[in-house]
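If you read the protein sequences in the order shown, they are chains C and U.
Each residue of the first sequence is one higher than the last, beginning at 1 in this note's numbering.
Each residue of the second sequence is one higher than the last, beginning at 113 in this note's numbering.
Hint data in this document are derived by calculation from the structure and do not stem from the laboratory.
There could be a bad hint or two in this list.
Derived CB-CB ranges, DEER-like [what the hints assert, rightly or not]:
no., chain 1, residue 1, chain 2, residue 2, range
1, U, Q183, C, K70, 40 to 48 Å
2, U, N129, C, L22, 39 to 47 Å
3, U, E178, C, M41, 38 to 46 Å
Example chain U residues on the side facing chain C (calculated, C-beta under 10 Å, incomplete) [what the hints assert, rightly or not]:
no., residue
4, F146
5, R206
6, I215
7, G217
Positions of the beta carbon are idealized from the N, C-alpha and C atoms, including for glycine.
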Amino acid sequence: NAGVTQTPKFRVLKTGQSMTLLCAQDMNHEYMYWYRQDPGMGLRLIHYSVGEGTTAKGEVPDGYNVSRLKKQNFLLGLESAAPSQTSVYFCASSYPGTGDAFFGQGTRLTVV
Amino acid sequence: AQSVAQPEDQVNVAEGNPLTVKCTYSVSGNPYLFWYVQYPNRGLQFLLKYITGDNLVKGSYGFEAEFNKSQTSFHLKKPSALVSDSALYFCAVRPYTGGFKTIFGAGTRLFVKA
Numbered sequence: 001n002a003g004v005t006q007t008p009k010f011r012v013l014k015t016g017q018s019m020t021l022l023c024a025q026d027m028n029h030e031y032m033y034w035y036r037q038d039p040g041m042g043l044r045l046i047h048y049s050v051g052e053g054t055t056a057k058g059e060v061p062d063g064y065n066v067s068r069l070k071k072q073n074f075l076l077g078l079e080s081a082a083p084s085q086t087s088v089y090f091c092a093s094s095y096p097g098t099g100d101a102f103f104g105q106g107t108r109l110t111v112v
Numbered sequence: 113a114q115s116v117a118q119p120e121d122q123v124n125v126a127e128g129n130p131l132t133v134k135c136t137y138s139v140s141g142n143p144y145l146f147w148y149v150q151y152p153n154r155g156l157q158f159l160l161k162y163i164t165g166d167n168l169v170k171g172s173y174g175f176e177a178e179f180n181k182s183q184t185s186f187h188l189k190k191p192s193a194l195v196s197d198s199a200l201y202f203c204a205v206r207p208y209t210g211g212f213k214t215i216f217g218a219g220t221r222l223f224v225k226a
């Protein structure tokens, strides 16, 4: 069982470059999320989706865009990377309501 | 503002001793409460959750957590720590009316010494 798979696992970008992080889940979960993890700050929600074709902003959405064209995939885009976006990014998925979240292994992104 | 506090950056305990990782929260209404664990270079793994009912919740790997509504706390506990329990632990809260949104604490690093 794959669960939640993130691609890529590591990436180094130059300031101003763009990239897309891919998240795929095989559990038929309705909800999907993108978080960033920074030291001493826990996880902060960037964007989320409650179903195919729908997305919404979380706590720290600026500089990111997302799309959910298929139920199993949730893409996170950085249009013009900035050093402040250096972080570890986690994708997660869950059932609605009380469902606990399943996390991917993370993508370590460095913007230089 | 809704928040989750984990007051200790690190908890040190000897193997075989009981451990407690603290969590308090400030959320309106009756929230759902979670604990997750993160091992190095891995994503977060679900440990346990409190939805309703018994205040003592049992979870994976021998962990349990006690919900205290009056103190708005949800401390993680284990009667006998193992070296393999050493990891980063996150408390999380999902407001009952918040639907999707889960608020995470900053994390507490647990170090179990042999």
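Outcome of the hint check:
1. U/Q183 and C/K70 have their C-beta atoms about 44 Å apart, which keeps the hinted 40 to 48 Å range intact.
2. For the pair U/N129 and C/L22, the beta carbons lie near 43 Å from each other, so the given range of 39 to 47 Å is met.
3. Checked against the hint of 38 to 46 Å, the pair U/E178 and C/M41 fails, with Cβ atoms roughly 26 Å apart.
4. The restraint placing U/F146 at the interface with chain C holds, with a minimum CB-CB distance near 6 Å, inside the 10 Å limit.
5. For U/R206, the interface hint holds, since its Cβ comes within 10 Å of a Cβ in chain C; the closest pair sits about 8 Å apart.
6. This hint holds: U/I215 has a C-beta 8 Å from the nearest C-beta of chain C, less than the 10 Å allowed.
7. Annotation: U/G217 was flagged as interfacial toward chain C, and the flag holds, the nearest CB pair being 5 Å apart, inside 10 Å.
Consistency note: the structure conflicts with earlier hint 3 alone.
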